[in-house]
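*Asks:* Residue numbers (the working numbering), protein chains in the order written: chain V, 1 to 291; chain W, 1 to 352.
Treat the hints as calculated values from the structure; they're not laboratory data. Just so we're clear, the structure is a prediction, and the values are computed from it rather than from any experiment. Ideal Cβ positions, reconstructed from N, Cα and C, are used throughout, including at glycine. Keep in mind that the hints are not guaranteed to be accurate.
Covered stretches of chain W, going by a simulated chain V footprint (3 or more residues, C-beta under 8 Å) [stated by the list, open to error]:
1) 10-23
2) 141-149
3) 152-164
4) 226-234
5) 293-303
Listed below are the simulated DSBU-like cross-link pairs for lysine-lysine, each with C-alpha atoms no more than 30 Å apart in a straight line [as the list claims (entries may be wrong)]:
6) W/K337 x V/K85
7) W/K337 x W/K16
8) V/K174 x W/K136
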Amino acid sequence: MTYLLQQALNALQLSSIYALIALGYTMVYGILRMINFAHGDLFMVGAFFSFMIATFAKLPFIPSLLLSMLGVGLLGVGIERVAYKPLRNAPRVSAVITALGVGIFLENFTLVFFPYPQSVPVLLPVIVWTIGGVTISSLQVIIILLSLGMMLMLDFIVRRTMVGMAMRAISWDKTIVPLLGVPLNLVISVTFLIGTSLGAAAGVMYAQAFPVVDPYMGVLIGWKAFIAAVVGGIGNIRGAVLGAFILGSVEIMVAAFLPSTYRDFIAFSLLLVLLIFRPYGILGRPQTQKV
Amino acid sequence: MTSQTVNNNNLRMRLKRRWEALMANRKVLPILVLVGFVLSFVVPQYNLIGPYYQLILMYVGINIIMTVSLNLINGYMGEFSVGHAGFMAVGAYIAALLTMYVWPQNMVAWLFPLTVIIAGLGTALVGLVVAVPSFKTRGDYLAIVTLAFLFIVKSLVENIEAIGGPRGIPGIDRLTTLPWVFFWTVLALWVTRNFIYSNFGRGVLSIREDEIASDLMSVNSRQVKVLAFLVSSFFAGVGGALFAHLLQFISPRVFDIIKSTDFLIMVYLGGIGSIAGSILGATTYTILLEVLRPLQVWRFVLMPLMLVFLMIYRPRGIMGLREFRWFVPGYELLATKLSKKPKVEVTDAAAD
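Assemble the whole structure, with the sequences as input and the hints as a guide.
*Replies:* So, in structure tokens, the structure goes:
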């Protein structure tokens with residue numbers, strides 16, 4: 001039982017990180033109907049930013065978190081402006097391939113400067129409590145609470161503010177809504193800013209939890225977060241969080257009770273089965289098709 | 001206008017006319033294939049070009065097989081499959097295991113064609129795993145199915161200790177030769193081309209344009225999808241088998257998501273829904289990576305940048321939805337001529 005609780009805590013930590021990344025995918029998809037495959041690499045850039053800030057500027061955790069979120073957020077906005085904006089009316093797949101290209105570019109550009117995995121300095125005091133046989137480190141608590149706070153804040157922004165209303169409106173219809181005076185480009189930029197900075201926050205926290213960063217760390221995690229977003233129903237913000245928690249829990253539980261090498265196999269087989277029964281994700285709705 | 005530009009224009013017009021005449025000539029392609037086939041025997045025999053260049057040529061051939069088979073799903077059928085490296089892995093493992101453990105050791109070279117065919121058939125069976133979910137889902141959700149398939153294959157191979165587990169299979173005999181690669185490349189292109197211009201192929205295209213409408217026009221979309229996935233995964237398996245016997249070492253790490261991304265880039269670089277595009281895309285990408293080798297790490301910085309700019313200025317790739325006239329059957333050309341449209345295919349709304 002204690003073992004189960006311990007693993008549940010680990011699952012919560014991993015799922016929160018997945019959820020933050022999946023939110024970025026789903027936000028961009030909701031607005032642009034485009035899968036931003038560079039998102040996993042922006043997560044990696046976030047981790048590297050925090051590594052550089054912590055190593056060279058020696059700033060504590062909160063400033064380095066905020067700085068990397070801002071830096072990567074601006075990078076995301078820049079990428080959208082330079083690479084995705086010219087392709088808004090092109091076939092959707094060209095935008096996806098461009099995103100893949102941007103992702104590969106980010107990986108290898110980082111690789112040029114950091115050819116070897118780097119270890120990240122510890123920025124948070126690690127206190128370990130033992131409650132009823134379950135060891136809880138302060139790091140886990142901080143990661144879980146911080147991501148929960150960010151998710152709630154995002155939910156608030158999307159549901160209660162003017163910007164959020166504009167986002168929902170644009171995801172509903174991209175031609176009429178700008179005619180009503182909603183600044184399309186600004187809203188898309190804000191979406192990218194928020195989405196990628198959430199990914200960067202996930203990167204910073206991931207680098208604290210598993211303190212080694214390398215340029216390819218974002219590939220697998222990015223794809224997994226994308227899967228989480230799709231399982232929840234892509235374009236749906238609450239669905240992304242739900243999908244991330246399902247994926248994270250399944251992964252950790254499989255690793256806990258079966259040989260850990262079976263983790264990917266069982267997690268993805270379950271996903272396949274789930275997609276056969278819910279082809280549009282758990283909270284997603286099938287789009288009506290016109291002929 | 002100065003006389004210089006007039007001359008230039010004249011030259012360009014003349015070159016263009018030459019090119020069109022060459023393209024219209026139906027005898028050129030068979031001659032090219034024949035010459036290529038003879039060359040593929042002669043070149044390794046007399047070492048006309050160095051072994052390094054021969055190796056690159058073989059990789060170009062394998063990449064063309066992979067690209068054209070992926071193009072069938074992503075370009076002609078309009079799905080977005082990201083799991084092509086998974087099919088390649090299945091083919092590579094089946095072939096490597098046959099060569100290493102099943103066939104008698106002194107016969108492997110003679111049994112190599114059989115090995116490749118069995119690898120292809122085995123992979124085609126596995127392709128059904130992806131074809132069945134494609135009945136219900138499309139687009140991003142099918143992308144996830146193929147992605148999950150890739151991860152499952154990789155994870156499964158890593159967990160079976162009998163086939164080397166994460167260490168892979170080293171020391172496979174080098175049986176892939178230039179004539180074999182050439183033969184399989186031509187076969188893959190020929191089968192794909194005939195498939196596309198058959199009734200089933202027309203069905204594939206109609207699914208890309210609009211699945212519901214094609215159902216209404218009594219296209220048996222399930223049958224068509226199964227066939228397309230069978231053909232595509234068969235040739236992916238063939239590519240994998242050739243690849244395994246060229247690299248002489250396979251491991252689950254070789255066939256990861258980055259490998260899939262490579263094939264995706266080749267398809268979209270060359271252009272979707274085009275056999276000529278598949279050839280051009282695979283050739284350009286493979287050769288460019290080799291040419292840029294002196295740049296070391298920077299070549300992987302430069303390549304994606306070039307891809308991004310290509311996509312911005314030419315979103316359909318080099319040959320997107322267009323085709324060399326060589327690959328188009330005569331009656332199709334006639335029909336196009338009769339309808340007096342300048343392009344072979346003017347369909348739009350693809351790729352969505």
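*Asks:* All hints, please: hold or fail.
*Replies:* Hints, one by one, checked against the model:
Here the stretch 10-23 of chain W counts 0 residues with a CB under 8 Å from a CB of chain V, which misses the bar of 3, and the coverage is violated. Look at the stretch 141-149 of chain W against chain V: 7 of its residues bring a Cβ nearer than 8 Å to a Cβ of that chain, three or more, so the hint holds. With 6 residues carrying a beta carbon less than 8 Å from a beta carbon of chain V, the stretch 152-164 of chain W meets the three-residue requirement, and the given coverage holds. Residues of the stretch 226-234 of chain W with a Cβ under 8 Å from some Cβ of chain V number 0, which does not satisfy the need for three, so the listed coverage is violated.
Given a C-beta distance limit of less than 8 Å, the hint that chain V covers the stretch 293-303 of chain W holds, as 5 residues qualify and 3 suffice. For a cut-off of 30 Å, the pair hint linking W/K337 to V/K85 is broken: about 38 Å separates their Cα positions. About 19 Å separates the Cα atoms of W/K337 and W/K16, which keeps this hinted pair within 30 Å; it holds. Proposed proximity of V/K174 and W/K136 is supported: the alpha carbons are some 27 Å apart, at most 30 Å.
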